[in-house]
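**Q** Please build the complex by placing chain L on the supplied structure of chain C, with the hints as guidance.
Chains C and L, in that order, are what the protein sequence lines are.
If you read the first sequence in the numbering used here, its first letter stands for residue 1, the second for the next number, and so on.
If you read the second sequence in the numbering used here, its first letter stands for residue 321, the second for the next number, and so on.
Heads up, a few of these hints could be off.
[Unchecked claim] Here are the simulated distance ranges between beta carbons:
1) R366(L) x N62(C): 16 to 24 Å
2) P404(L) x G153(C): 39 to 47 Å
3) Y342(L) x C163(C): 52 to 60 Å
4) A306(C) x R366(L): 22 to 30 Å
5) R66(C) x K353(L): 34 to 42 Å
Since the hints were derived computationally from the structure, they do not count as laboratory data.
Beta carbons are placed, not taken as given, at the ideal position from N, Cα and C, and that holds for glycine.
Listed below are the residues making up each chain.
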Amino acid sequence: MEVLEKKNEIQDNLLKNFEAKIDRGDAIEPRDKMPDAYRKHLIRQMSQHAHSEVIGMQPEGNWITRAPSLRVRQILLAKIQDEGGHGLYLYSAAETLGISRREMIEQLHSGKAKYSNIFNYPALTWADIGAIGWLVDGAAIVNQVSLQRTSYGPYSRAMVRICKEESFHQRQGYEIMAKMMKGTKDQQEMAQDAMNRWWWPSLMMFGPHDSESPHTGDAVKWKIKRSSNDELRQKFIDKTVQQAEVIGLTIPDKDLKWNEAKKCYDHGPINWEEFYRVISGNGPCNKQRMAHHVKVHNDGAWVREAAEAYRQKKEKKIFH
Amino acid sequence: MATDSQLAMWEVFMQSKPGANYIHAGSVHASDKEMALQNARDTYTRRGEGTSIWVVPSDAIVASNPDDNEMFFDPANDKVYRIPTFYVMPEGAKAI
Chain C
1 MEVLEKKNEI QDNLLKNFEA KIDRGDAIEP RDKMPDAYRK HLIRQMSQHA
51 HSEVIGMQPE GNWITRAPSL RVRQILLAKI QDEGGHGLYL YSAAETLGIS
101 RREMIEQLHS GKAKYSNIFN YPALTWADIG AIGWLVDGAA IVNQVSLQRT
151 SYGPYSRAMV RICKEESFHQ RQGYEIMAKM MKGTKDQQEM AQDAMNRWWW
201 PSLMMFGPHD SESPHTGDAV KWKIKRSSND ELRQKFIDKT VQQAEVIGLT
251 IPDKDLKWNE AKKCYDHGPI NWEEFYRVIS GNGPCNKQRM AHHVKVHNDG
301 AWVREAAEAY RQKKEKKIFH
Chain L
321 MATDSQLAMW EVFMQSKPGA NYIHAGSVHA SDKEMALQNA RDTYTRRGEG
371 TSIWVVPSDA IVASNPDDNE MFFDPANDKV YRIPTFYVMP EGAKAI
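Same shape as in the complex, but just chain L:
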């Protein structure tokens, strides 16, 4: 362990208010999960931006590869019948 270690990296996700999605805020360095939470609080919530925080070791994140986007997201592209406007509704039908 080098003396100038900057400790492990953690990704920070924050919920701005109860009910909201958790959104990625950035990362922090910390030796363990408690320190990661505290550092995330000090770094990303100095103005009440969050009511809840998740921290995840950065090396535990698995990300898709943008080069594969065409192939990877392809199954979604040819199923237009998943979208409500695909359907023709009988004239005069209400609240549908």
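Just chain C, with the same shape it has in the complex:
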């Protein structure tokens, strides 16, 4: 009994020290003592973030061979390469918490780990590439700018690096939309159609309303999350409405209006039924996205095996 009490006392002190550090605004580094729940929350969030970057390459990759000019094809290729890079920054940061990349990929394939719901929607036209860059990356940037101040050092540093690179992504998307809105009537309609399909899923990217969000409590207390879902969503809406107006696109929300008292836009109700339907695996592309990832992973196994065999052969040569 005494041993147990002693153990609890030690645990309490560790938690107190940890929370004092968080309150001071100190970053938590990989070798620091941290509560299991903090580590688990980070692994869940960071691996989901990493998987999202990688799965996000699929809807855009679909358009590399169909891009309407060499200029935009090169740009799209560079953007998708960045997304792969961002996935790697995040896997690397998550690995500092003691989980391996192999485990993270296994969890993605088994369905234990998730990725952003937005990538379960298809990129049907070239305007969708514009909408993805402008709206989806735009929403991601709002979230990631906030996460630059997250309490876990390696995550924060990865976010700083990612934010530096993301603004090119959003600009390339907005440029596509702006060009199409200056084009023929068909092109304008195509841009508006993409806007109509991507607007609401982009708002859903910030997750459920604060009143419904199951992970918020500890994540806020431990400064993993620095702004709430609704705050970030509002920020995104407020900056995007003006950008849409400038190029002549209509936001597909009849309830959207400026609230002079609150100095921000009010928006209509979000279709959370759709959100939960897609997140539980019944979106337009869930199966396709996962099947593709599993196939590419398995198809690439021989490359990893060959690289490993080559290393072993070289080592033998050195030592004999």
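**A** Coordinates of chain L only, in the frame set by chain C:
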């Protein structure tokens, strides 16, 4: 060797320009040092962030334990005479 090996882990250090310190950038996976260098280049220098890279096998890094900080870094704390402002200079002395 499992077929789904993600290869060994390497820590990446980058120098942003000649004369600068090498700073830790993150890690990469690679089977050997050549691949580690190439992966580090592809992952961390897509915008000319570096002019020189070091890669080190992650298991070769030895790190201090934050729990021991008080004891480990203690010798530095009680030698204030290592800091220039410790000394009182005669009034009127210049360029010192």
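**Q** With reference to the structure, classify each hint as holding or not holding.
**A** For each hint, the structure was consulted:
A beta carbon spacing of about 22 Å between R366(L) and N62(C) agrees with the range 16 to 24 Å that was offered as a hint. Range check, P404(L) to G153(C): about 31 Å between beta-carbon atoms, so the 39 to 47 Å window is missed. At roughly 23 Å, the beta-carbon separation of Y342(L) and C163(C) lies outside the given 52 to 60 Å, and the hint is violated. In this structure the supplied range 22 to 30 Å holds for A306(C) paired with R366(L), their Cβ-Cβ distance being about 26 Å.
The hint said 34 to 42 Å for the Cβ distance between R66(C) and K353(L), and at roughly 39 Å that hint holds.
Checked against the numbered hints listed earlier, the structure breaks hints 2, 3; every other hint is satisfied.
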